[in-house]
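Novice: Sequence:
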Amino acid sequence: MLLSIIICTRNRATEVVDCLPEVARQAREFADVEVIVVDNGSTDNTREVVENAVRTHNYPFRYIFEPVAGLCQARNRGRAEAKGRILTYIDDDERAAPNWIGRIREHFLENKSDCLGGKVGVRLGGDPPFPFDVEMRRFFCATEFGEKERFLTFPEHPFGGNMSFKTEVFDSIGGFDTNLKLYGDETNFFNRASAEGFTMFYRPDVEVSQVIPAKRLTKEELSHKSYIWGKGAATNWLLSSQSGGQKRLTKIAEFFLRTIYMQIRLRTSPSFGKFYTLWYNRGYLAKLLKGLDES
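No gaps in the numbering here: position 64 of the sequence shown is 64 in this note's numbering, and each next residue is one more.
Rather than coming from a laboratory, the hints here were simulated on the basis of the structure.
You may find that some hints are simply not true.
As the list claims (entries may be wrong) - As a list, the in silico EDC-like pairs of lysine to aspartate or glutamate whose alpha-carbon atoms are at most 20 angstroms apart:
1. LYS83 x GLU106
2. LYS274 x GLU106
3. LYS148 x GLU207
4. LYS112 x ASP32
Please model the entire structure based on the sequences and the hints provided.
Specialist: Following this line, the structure appears as structure tokens:
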């Protein structure tokens with residue numbers, strides 16, 4: 001087996017159902033490709049959706065149930081189940097462009113790099129409460145690496161919804177850090193991979209589109225995602241060697257002031273960038289105050 005495609009999902013049956021058809025269509029073209037769906041403790045009908053997709057699309061998706069919640073946990077379980085020499089991750093709300101799998105195979109068969117990041121575009125399924133500007137594109141993890149293929153140098157790194165790497169990369173650095181239950185996991189992963197000398201490459205022709213449904217475009221949902229994103233970033237910082245003693249107190253004071261400042265800015269000049277930053281700062285501050293032992 002050359003390539004293991006891993007789709008991690010949790011309670012998104014209505015979204016993963018639209019991800020599977022194109023992946024199945026492309027995967028059927030290659031005998032050395034498998035597709036694994038890791039159900040991360042869903043309580044909806046995700047299993048039924050995957051089983052129906054096996055019959056409907058005549059493709060043997062491997063369904064794995066991982067009861068321990070957490071994207072890193074699910075990604076690590078996917079690797080444990082994978083038989084391929086290359087691991088490819090695509091999000092459950094994404095749609096693969098034509099020849100997505102073929103180009104990933106080509107890249108690694110030619111041994112162009114240890115890790116590969118592809119282009120991620122964004123399509124909205126409804127109207128957001130703010131203009132769909134550059135800040136919102138970044139929020140939904142649209143790539144901004146340009147239209148030419150090139151090597152990436154950390155802190156640039158592949159995005160989680162369209163990333164591939166050799167299993168030796170995963171195994172060498174110990175996989176995804178399950179302490180990072182929210183966000184920051186990919187940055188942490190590729191930071192460690194880069195430190196060990198593994199190469200990262202970007203190809204815009206390895207493309208997926210993330211489809212954001214209307215229910216995830218409300219202010220409530222956007223603020224929640226921003227908040228937990230801030231908590232994830234703070235967790236990453238707390239896990240670093242720079243977070244002890246006085247430095248943590250200084251960081252708390254910094255984010256307390258940042259939060260107050262951004263709250264004033266948002267009232268006087270509303271925008272999505274300010275809205276996101278306010279809730280990100282709140283999440284960051286909350287995690288700094290609670291520490292690593294609190295969820």
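Novice: Would you list, in rising numerical order, the hints stated earlier that this structure does not obey?
Specialist: 2
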